[in-house]
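These protein sequences, in sequence, are chains A and B. If you read the first sequence in the numbering used here, its first letter stands for residue 428, the second for the next number, and so on. If you read the second sequence in the numbering used here, its first letter stands for residue 29, the second for the next number, and so on.
Calculated directly from the structure, the hints in this document are not laboratory data. Yeah, the Cβ is synthetic: ideal placement off N, Cα and C, and Gly gets one too. Take these hints with a grain of salt, some might be off.
To be verified - Lysine-lysine pairs mimicking DSS-like chemistry, simulated, CA-CA at most 25 Å apart:
#1 A:LYS464 to B:LYS662
#2 B:LYS134 to B:LYS216
#3 B:LYS418 to B:LYS323
#4 B:LYS134 to B:LYS323
#5 B:LYS90 to B:LYS216
#6 B:LYS312 to A:LYS464
As the list claims (entries may be wrong) - DEER-style ranges, computed between Cβ atoms:
#7 A:PRO510 to B:ARG627: 40 to 48 Å
#8 B:GLY378 to A:VAL469: 32 to 40 Å
#9 B:PHE140 to A:GLY511: 26 to 34 Å
#10 A:VAL469 to B:THR563: 43 to 51 Å
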Amino acid sequence: VRTYTSPTLQIRTLAEGDRICCARCEYALGVPGSGWKTAAIVREIPTDELAGETITGEPAETVIRQFACRGCGSLLDSETALPGEPFLEDTLTI
Amino acid sequence: LRLSWLAIAGTLAFEIARPHSRLSGLVSVHSGIAEVSMDPVTYSIIRHRLFRVTDEAVITLKHVSGSTTTNEGHDLMVGLYRADGSLLMGGLGFLNHMVYAAQACKVIIARFTGDINENDIFLLNDPYTAAAHTSDVYLISPIHYNGQLVAWSACFVHITDVGALNPGGFSPESRDVYTEGFSSPGLKLVADGELRQDVFDTILNMVRSPEMVSLDFRSMIACNNVAKERMLDLIAKYGYEAVDQAGAMLICESEQLIRARIVELPRGRWQAHQYMEVDGRSYKVCVSLQNDGNKLIFDFSGSSPQSDRAINCTNSACLGAVLAPLFPLVCHDAIWNEGIIRAVEIVTPGSSIVSCTRPAPVSVATIGAIQSVRIAASVTISKMLIASEKYRHEASAAWHANSFAIFLFGQNQHQRNFIGQLTEVFGGAGGARTFADGVDIGGLIANPISRVANVETLERNFPIRYLFRRRRINSGGAGKYRGGTGMELAIVPHDAPDGGVRFVISGKGQKHPMTDGLAGGYSGSRNRYIWAQGTDSLCDAPEMARSVEELPGPKQDIAWGVFPLMNQDVLYVATNGGGGYLDPLERDPVAVLEDVRNRAVSREAARSVYGTVLDGDAVDAAATAELRRALVAKRSGPKL
Chain A
428 VRTYTSPTLQ
438 IRTLAEGDRI
448 CCARCEYALG
458 VPGSGWKTAA
468 IVREIPTDEL
478 AGETITGEPA
488 ETVIRQFACR
498 GCGSLLDSET
508 ALPGEPFLED
518 TLTI
Chain B
29 LRLSWLAIAG
39 TLAFEIARPH
49 SRLSGLVSVH
59 SGIAEVSMDP
69 VTYSIIRHRL
79 FRVTDEAVIT
89 LKHVSGSTTT
99 NEGHDLMVGL
109 YRADGSLLMG
119 GLGFLNHMVY
129 AAQACKVIIA
139 RFTGDINEND
149 IFLLNDPYTA
159 AAHTSDVYLI
169 SPIHYNGQLV
179 AWSACFVHIT
189 DVGALNPGGF
199 SPESRDVYTE
209 GFSSPGLKLV
219 ADGELRQDVF
229 DTILNMVRSP
239 EMVSLDFRSM
249 IACNNVAKER
259 MLDLIAKYGY
269 EAVDQAGAML
279 ICESEQLIRA
289 RIVELPRGRW
299 QAHQYMEVDG
309 RSYKVCVSLQ
319 NDGNKLIFDF
329 SGSSPQSDRA
339 INCTNSACLG
349 AVLAPLFPLV
359 CHDAIWNEGI
369 IRAVEIVTPG
379 SSIVSCTRPA
389 PVSVATIGAI
399 QSVRIAASVT
409 ISKMLIASEK
419 YRHEASAAWH
429 ANSFAIFLFG
439 QNQHQRNFIG
449 QLTEVFGGAG
459 GARTFADGVD
469 IGGLIANPIS
479 RVANVETLER
489 NFPIRYLFRR
499 RRINSGGAGK
509 YRGGTGMELA
519 IVPHDAPDGG
529 VRFVISGKGQ
539 KHPMTDGLAG
549 GYSGSRNRYI
559 WAQGTDSLCD
569 APEMARSVEE
579 LPGPKQDIAW
589 GVFPLMNQDV
599 LYVATNGGGG
609 YLDPLERDPV
619 AVLEDVRNRA
629 VSREAARSVY
639 GTVLDGDAVD
649 AAATAELRRA
659 LVAKRSGPKL
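Chain B with its partners taken away, still in its complex shape:
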């Protein structure tokens, strides 16, 4: 492997070739303020070591945590920050949190000036300061070397409970932030390496399931400790000057990359919106992306006023939500750090659903307006990308947009009180790409490592049984390339000492499709949440039901609030698929046949939406061509 680094006119260029090795010159990055240089081997080693530091910290977080939300769903994030709090290296997890934690670091620096000591750890979870919602708690560790503050490590998890009105932190019954649990704009949890027991006990005294919350905190402390130790190892080996210089260069390099890409991408303005129905009312997130050749400006004018339902997003949360899809769609080949953030601006109307003012409730924000901001932003970004021949292949129709939160609580089969989340929220669905279908149950665009816990894991932890869990037919948006499917599942209470459990549901997407198609592709389906109220009759036992249609008892569409799941009740959830790309009548009929075989598309939809005629287990090519001509003619009308 040969690395040849050339510093040309303030831009960083490199080439990779085989098999001979030749190293020349220094790596130089012009930051706009000063030009910094270092030898390329050291630079490369430090860069890769920083990746590994965050990787190992994420592994630590998962292994110490006892929460399925953390160690199965990967609702987490770890990041490294420079001494001034700027984002240096984001680890995997929810990408918007890399940005939120940078803000959190800066707030801690300002609040605790003169009182930031070696081996301290700070806590912050106030959404009106930096956090997304109170449940996502940041632990922030300063990293000192020879007595000097040189960096920060920060991480978050969605803690098991935060003491909100409803168990689990998502609090659909809250009407203000005061009922959404404890909220700190910054406190010192660990002082000089010693846990402040009085503070910790106070926190645990405010939450349900304190033993699990304690473990959540300890997992984050362990995570930060590992990150700090590995950073200090790195500094000890290469010297503070080299590591700090590499950090500055990484940020400059990322900024140069995105600035250059903005110049390459077409200039113009692209619009998108997301409709969100919550508790009987509809809200709208509007965004207009402008590329002016220097920066990307996301203008959210026209978005709905803030709500008294807990779906609102704060202004700082909006910025992170914009960056979450920007990182993978536009900057997949850059280090995701402060350099990217510098090239983005947001414009938000005050007291709106995307920039709420205290005390508006925000506990459902991450699956509410924050997710809608992410998806709307991703749609505008992809519209910009498909206007570029060079970058069209990076575009994607909307990914899973209708997240929900379902937290079960009660007494489990081990006679212990529990709170637990259905991790299917992280299953998601991939949007269609410009060259291939979206990935079925392919996760979330904002979290590259999101995943769903095994059925067995959930049944072991919670007193429930799954009747079924599988891909949902026809849920992916139709197109030449189809959106990935969502899923459907049904659960019943099982072996619960109290005869069942209760659940908190904060759902959206049941009324409006939200996974937009691209360039003529269809949207993915809507969500469904059905509560089938069982009877005491053994004849009506739901255990043999294999579909929602077979569920016994009266069925009720639900999406918001607290409900019982007792005796023979069933909770059915169906999630949306990703958006499609281009006209479904252009889809390869053989691919449609495969979809039908795999139960991703029904025979009826194959014919009516994809214009594909199947003869048994084969495509009738002639009939398909004829049907497609007829459907195009019908679409065009008599003016054609």
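Excised from the complex, chain A in its bound form:
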């Protein structure tokens, strides 16, 4: 492990070079500095279905995006977004 980027992601030095990996199963998601989220399983949940929505109201336009590891299914990150908006990008300078 070279660098921890978050509790769920880390940068590891593999034979093919540095890779962003799932912290749990070490599944490689991408090259540091590039967007890793496209390599994850992306699931969009309407915010109406969040646990807190015990009463109905105005329909939400936003979704909760969940990014899960293709290797082990661990939840790696989440963000609120309008459908079709680009992913938030968080990058470490190594």
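On the provided structure of chain A, position chain B as indicated by the hints.
For chain B alone, coordinates are given in the frame of chain A:
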């Protein structure tokens, strides 16, 4: 207690040990310009006395004020400033105002050069000069010693009314700053210790509830007087040179601390955004935090253009809003002063929601774009912190992000006209931490002392009754560590001579969740504002309603404007909880059980979100493990 201070290569280091005492050397701080030194005991005493000066000034402000917003909600701030207006020591209260008041001091210095005299007090509330919005009025007192200007004391409160289009100062019907009440870029309210009655009367002539506004002003005058007297006592005891030198060192020390921390923290770029729906339209605050190893740069490019609704934030307000979460998250162990500000830069697009141009309306800014800037900035800061093994424990998912303002007005049970705020806006909710849940109704990240008035206090002051007020189930963002819950409440008019009251509501967060989770944690819930219009039928009396579902009459979602609360009408408000941290399927099932027992989480959510199977009042461990495996597999899909 032993204090050993070592000045090494321009950095300040200290160690604390027990039980023997040994003092050595001088405290030295290299400011980048000159090295200043003083003996450590005097330095420490002055530093702590400055804390106490601001504490006592805050207490004075609260005790003299008659406003529940001030003395119950703690919508206030007191700070001490150096002779040049730079922030020396921020007191408690809304942290962004420490920065705004520094700007206000500098503006007063520039505007009144040659006319700043002993025992003067200046007023400033123009948002395009330094203030957040017109309702937050600064009173600024120069502090002279032997005829020389040596420091400033500044404070603010949200005054009861500012003469805006709508009562209470938050003015959702305003479409420009000209309809948001009186606005001064700086005037002298007290000259040589004498209140300028002509100026004061002019101000009171422009506001509703002038007797309460008068008391607001007098509380700030008392506050500044106490701060000034205590500062002069301090200077008299230790000498101006020592106090001034300690002030310079405190600022340098804070700057050195944050610069060193920036070096320690990972370099990179972190993004966040906040969606805000107001009066039928959605807006976005975008931020990208860059740590370049020397400073922290917050770039708001991509944020929405400014609005004709009063949610806009000025450029100077944006800087303070960035610093508000930075102080507690990154600099909790530093004195919050000018030294911290020097290490931060902001980039804002012109005429945008985060850097509006006059005459865009801003009266709802503090719960509008200013709060969204604070929350978006806090999310990027926490993303940076969790990338550091050393500082990960300081990170936090988003705190309460969907503030609202509800001001009641009319005639109260004492046959007097009144304007009063529901202080539940300050109840907030803590974001989940990296080692524990967020605090239920845990306040605001930008105000360490925010709180909610007792129901009894509000019912005494305003002609209303609470049907209920409690934690809101399922409102905290799910996660291994759960976001703190928000609250829900319902009020009805009671004993009102006119049969009820009216209320101004400036709400957001009803459409988009805004309390972002962290590292896979879920967002907290959205807000709800429901106006249940009662009938005259006694059969439909709402007094026995124990939930929103039981409220009689047609229900309407509202969030923006002025509405009546008459006869058997009910106003229901549900607030968001904090964001969660990490995957909720990692949450200890026993903790989920406790949440269900405490009505923080429903049984349904325990199963569907947390993958926890309860058998009566116990966890079914085997079924829980099986359910969690199934939920992970469902999440992963067939490629797993």
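Hint check results:
1. A:LYS464 to B:LYS662: holds, 19 Å
2. B:LYS134 to B:LYS216: holds, 15 Å
3. B:LYS418 to B:LYS323: Cα-Cα ~19 Å, so holds.
4. B:LYS134 to B:LYS323: The hint holds at about 23 Å.
5. B:LYS90 to B:LYS216: Within the cut-off at roughly 23 Å; holds.
6. B:LYS312 to A:LYS464: holds, 22 Å
7. A:PRO510 to B:ARG627: 40 to 48 Å: violated, 33 Å
8. B:GLY378 to A:VAL469: 32 to 40 Å: Roughly 34 Å apart at Cβ, these two residues keep to the hinted range, so it holds.
9. B:PHE140 to A:GLY511: 26 to 34 Å: violated, 53 Å
10. A:VAL469 to B:THR563: 43 to 51 Å: holds, 49 Å
Checked against the numbered hints above, the structure breaks hints 7 and 9 and satisfies the rest.
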